[in-house]
Amino acid sequence: MSRRARHTRTQVLRHILLSCAAVLMLYPLLWMIMSSFKPDELIFSEPAALPTSLDLSSYFEGWTALRTSFTTFYMNSFIIAALAVIGNLMACSLTAYAFARLEFKGRKIWFALMLGTLMLPYHVTLVPQYVLFLKFGWVNTFLPLIVPKFLAVDAFFIFLMVQFFRGIPREIDEAAIMDGCGPWRIYWKIMLPLSTPVMATAAIFSFIWTYDDFLGPLIYLNDIDSYTVPLALRAFVDSSGGESLYGELFAMSTLSLVPVFIVFLAFQRLIIRGVALGALKR
Amino acid sequence: MTAQDLDTLAAPGAAVRTPRRRGLLRNRHVVGYLFLSPWIVGFLCLTLGPILASLYLSMTSYDLFNAPQWLGLENYRKLFFDDERYLQSLSVTFRYVAMSVPLKLAFALGVAMLLNRGLAGLGFYRSIYYLPSLLGGSVAIAIMWRQIFSYDGVINRILEQFGIFGPSWISNPDYSLYTLVTLAVWQFGSPMVIFLAGLKQIPQDLYDAAAIDGAGPLHKFFFVTLPMLTPIIFFNFVMQLIGAFQAFTPSYIISNGTGGPADSTLFYTLYLYEQGFTNFRMGYASAIAWILVGIIASATAISFLSAKYWVHYGDED
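Chains A and B supply the protein sequences, listed in that same order.
Sequential numbering of the first sequence, starting at 1, is according to UniProt numbering.
Sequential numbering of the second sequence, starting at 1, is according to UniProt numbering.
Rather than coming from a laboratory, the hints here were simulated on the basis of the structure.
On a predicted model such as this, the values are computed, not experimentally measured, just so you know.
Treat the hints with care, since some could be wrong.
[Unchecked claim] Some, not all, of what chain B presents toward chain A, calculated at C-beta under 10 Å:
{"no.": "1", "residue": "H29"}
{"no.": "2", "residue": "L46"}
{"no.": "3", "residue": "F222"}
{"no.": "4", "residue": "F248"}
Heads up, the beta-carbon is just placed ideally off N, CA and C, and yes, glycines get one too.
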């Protein structure tokens, strides 16, 4: 067999292996999506079959199956996620700019402290933060989920931005200083516009992590009207005992994946590049 | 009127001649701290303060309503000697970490090897394999997993075709932890993406040189790829290790918040949550959290110490 033919054969083999593995990996997702379009009695009796018709009743019934409708849950989730993104971008970029570009007393110590919080498991601050927010009367509001983002608690994003800002040539700042720009203008007019890739990456991951967050809302939100989508899904499992409302449960679970999936489709390259930098932890 | 205003009144050209203008908002130290102020407030009030408070609370009994009562190291003693569920949660978590991290990395590296080097459609496969990592942390996926491994779930339906009648994987204490391990391994996409980036960095001439020396694909893998990749393996290992110790959502959803059946999926963080936020034993929960910090810090430290024996950084030889 010629070298070329052997090469083609291994390529074909690899494609077969990889596509089989891909189908296997996505099968659970496909099964859930297919099931969400089927009447309940068919979900488990013919698990592999494609739905014969597009039955949307699970979606309509699931949307209002709890005491509060999913309209509220999605509103809550999006409000929290949007504010978290804004908070993270503002606070982390200000901090990162100070660490990357400004000279002031104590900078090195603060920077070391910031790096120290990178690896810290957040469980260690969970209890005292809860006590603090309880004293403020913030429990059962969105504030405990939002305010920390405006105080740049996610050191990881600061780190990401510091790395990026350091890569921007200093000559640009120096030219701006010669033109009479102060640090605020340099930050706002030069650094931020030049940093769209890192800001977009931070925004994407802030959104996904906040939208998917379960422990935070579980601790702070007790009233069903303030539930986020993940909490509502958990309540769904509880209320149905997991037995009779499979179709509705799958419909709502499938729907809850759509926002993250859209973000993934829209920003695939940015997400993959961000992960490949070896910087992103999940 | 400030000193600077007087200065500029006296000599309008002065500010231009001396580039360093005074004024509070022009002082570089003040400006630096202004930029840093949101983070400093957050760091002091939401990180450093709580860390110290948590250390103190871990030595008290505190139920949120009455003032904390000093107990010294009693909470820690109780955890290790008088709390079987805590020891169970430790054992479950260590088994979970010991199984899921190596398996996840092995899959990540294996698939990355298959994807590497001039395969058409690489981007497409990479996206598909990465997708579960991105979706995997959500409640929806945990719910899906629970149904797949239930008694009448898809897994058993497929096994039936081969004449095997499986148990309910999630409600059998012998198997329930494995369903969580498979869920973690299913999300091998993000270390895989990092491995792919690392594989691309390995210079082609190393492979060419190995080929001239008569090395086959296996030799190339063990003597070129693997050693060159050790820094990436190390990075992935540490990140996955830290993440696995802190896993919460899958265990909560799959066991309905109980850690059951028979505490077989009682993750460390689930027990912490239960003690702190269901039983309101805030002091006890703080002690549990501090031991977690200790565990993660030691695991990381051991990894770093071991690194000098197996991680090769390009520039040392």
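Verification of the supplied hints:
1. Using the Cβ-Cβ criterion of 10 Å, the hint placing H29/B at the interface with chain A is satisfied: the shortest such distance is roughly 4 Å.
2. A hinted interface residue such as L46/B counts as satisfied when its beta carbon comes closer than 10 Å to some beta carbon of chain A; here the least separation is about 5 Å, so the hint holds.
3. For F222/B, the shortest C-beta to C-beta distance to chain A is roughly 19 Å, which exceeds 10 Å, and the interface hint is violated.
4. With a cut of 10 Å, the hint placing F248/B at the interface with chain A holds, because the nearest CB-to-CB distance is about 6 Å.
Of the numbered hints listed earlier, the single one contradicted by the structure is hint 3.
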